[in-house]
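The chain contents come next:
2 protein chains.
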Amino acid sequence: MINVAILGCGGLGQNMALLIEQKKNYKLVAVCDRSGYVFSENGLDGVSIKRAKEVVEIKGATPSENSIIDLLVKHKDKLDAIFIALPNLPNEFIPNVAKEIIKTGFKGVIVDALKRTRAVEMIKSLDSEFQANGILYLTGCGATPGLLTTAAALAAQSFVEVLDITITFGVGISTWDTYKATIREDIAHLPGFNPEIVSKMTDEEIEAELNKRNGILELEHMEHADDIMLEFANVCSRERVTTGGIVDTRNSKKPISTNVKITGRTFEGKVSTHTFVLGDETTMACNVNGPVLGFMKTGMWLYGLGVRGTLTSADLTARFDPAKENYLEIQKRQQEALKKVTVMQ
Amino acid sequence: MINVAILGCGGLGQNMALLIEQKKNYKLVAVCDRSGYVFSENGLDGVSIKRAKEVVEIKGATPSENSIIDLLVKHKDKLDAIFIALPNLPNEFIPNVAKEIIKTGFKGVIVDALKRTRAVEMIKSLDSEFQANGILYLTGCGATPGLLTTAAALAAQSFVEVLDITITFGVGISTWDTYKATIREDIAHLPGFNPEIVSKMTDEEIEAELNKRNGILELEHMEHADDIMLEFANVCSRERVTTGGIVDTRNSKKPISTNVKITGRTFEGKVSTHTFVLGDETTMACNVNGPVLGFMKTGMWLYGLGVRGTLTSADLTARFDPAKENYLEIQKRQQEALKKVTVMQ
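Residue numbers (numbering that gives the first Met the number 0), protein chains in the order written: chain A, 0 to 344; chain B, 0 to 344.
Pulled out of the complex, with its shape left as it was, chain A reads as follows:
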């Protein structure tokens, strides 16, 4: 059983709580946000977390202005792994959180779903500090970077030289405010914006920006860490990796199927392209949180073998953990409980 803490209680963190409840070998024991933290060795209830607007609303929560530190200092010995599900605005935010975690003395596995190249570089530069402090930090372990990066590194094996890796994602969400932080990060990739600018924008300003674009964000040549992760893993130089996508913030149907195309030259001199396409019914929550848990499982195995420091999803694969035998019941109960909330609101 892997005892997990989630730092952050936005769209990703809340859905992770629901997912973990359906999985066999993970137990969610802690969640925190700016308002406070909640810890329970017996495990936390997914629906309560999904329902909460702030962590302090959850039964048993402790209000705190320094919730990450307070949680870890007090309960670090009961935690095997941490998922950092915090919005990363500005770039140095999660790297700074990582430094704070080191100071608490936490030993174990940390997984993030960071996206920007600069942020992953900062995490990578903490390699020796993680090593010296008993931490294995896995970065870029969501969908892209993450699932698609590992797929690209794997697909590369048919080639002697990789010539091009093109990642194209499609995201459809019915209202932008379920994934505020993610949408803000996407806007930061648009021409004329950056993480600093976006971090200072109000929700109304974000909404006005979305209105100008009919709710559609078209992203090209994004600063996405797949590039350096694949470079670190020796797959190809960063210039050969491009990431772009279309995000529809008003429609849960994906505007385009998420895919990665890997083009290379074979040892026989032929140029060819492998393609990995994700099913449209899999949402961002499925394609980020599932891989995060899988990489965490690989991380726990490697941690047991003595591996410390920073690795990325391009160096690893994710290990699958089966569902609980009664997961369909749990899923149904979650859905009914959440439907009730929606109707009540």
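Derived from the structure by calculation, the hints contain no laboratory data.
Take every hint as true, because none was put in to throw you off.
Only some residues are given here: those of chain A computed to face chain B with a beta carbon under 10 Å:
id, residue
1, 142
2, 262
3, 272
4, 276
5, 304
6, 306
7, 314
8, 320
9, 321
10, 323
11, 331
For each residue, glycine too, the CB sits at the ideal point set by N, CA and C.
Chain B: place on chain A using the hints.
Just chain B now, kept in the frame of chain A:
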């Protein structure tokens, strides 16, 4: 630098010699077959191996009726990793070779590209013997099982439960006798055949069988080890995995694109399918030998961390090794040298 020995000098082994020559961090130092073995600490020339009808023809070779044992007893300390590229007919052949390798006292990584479920089960059952004898044995590390199995295990991460994994391969080769052993293994999957029957057939009988089918082998519900490898890796039960394909033995164009489809149910209750498709220009030689080298690299890393015993490609990913800077020259030289041979024949 990884010093590699290839056991077997058929289609796969010979192409592996050409591939290794283009790669940066591998050196091919030994090859053997029924006729003898050749060892050179400075590395062997790919073209000489590709040209040889038997290993004894290669300059510096030692004739031997017990070539695997003789090679390993004499040179095991100079070998980091072994690729078993022998035809596996009957099923117990490679498992028996593995037992012989253990007896020689070789310590290091062994990789195979085994295909049949029964054979992989036999290798798996040697787990504790490999552990006790300082060996990390990676089984099923070719294309399928191998590349496609890892892709399936990775793709599974978007789901809570995996409902179906369907592997379909297309192979096109211009003449069957370049891949005699592989074609024999494929025929062993046809109704009315098995490994024992096929191992007793003459080349003329194989050819007659191919003529009956206009050179096309249509394979359905094959006994392919992807099933137990994915079961061992907790992805799904073996009954949910099916493998089939079409092999054209008279046409180098693939009759169908090789692909794997992974269908599962998400934590949100949706059923969806991810697809991984290989480019048609990538041949069996690319899709088997490339992954074998990649899994070998992962194996070397894990070996250094103290991992011993048996793992499969469903537990791991393959790590990419870059090409030599002058690999295009090497490729050209290989192609010209081999063209000359063809013209001369």
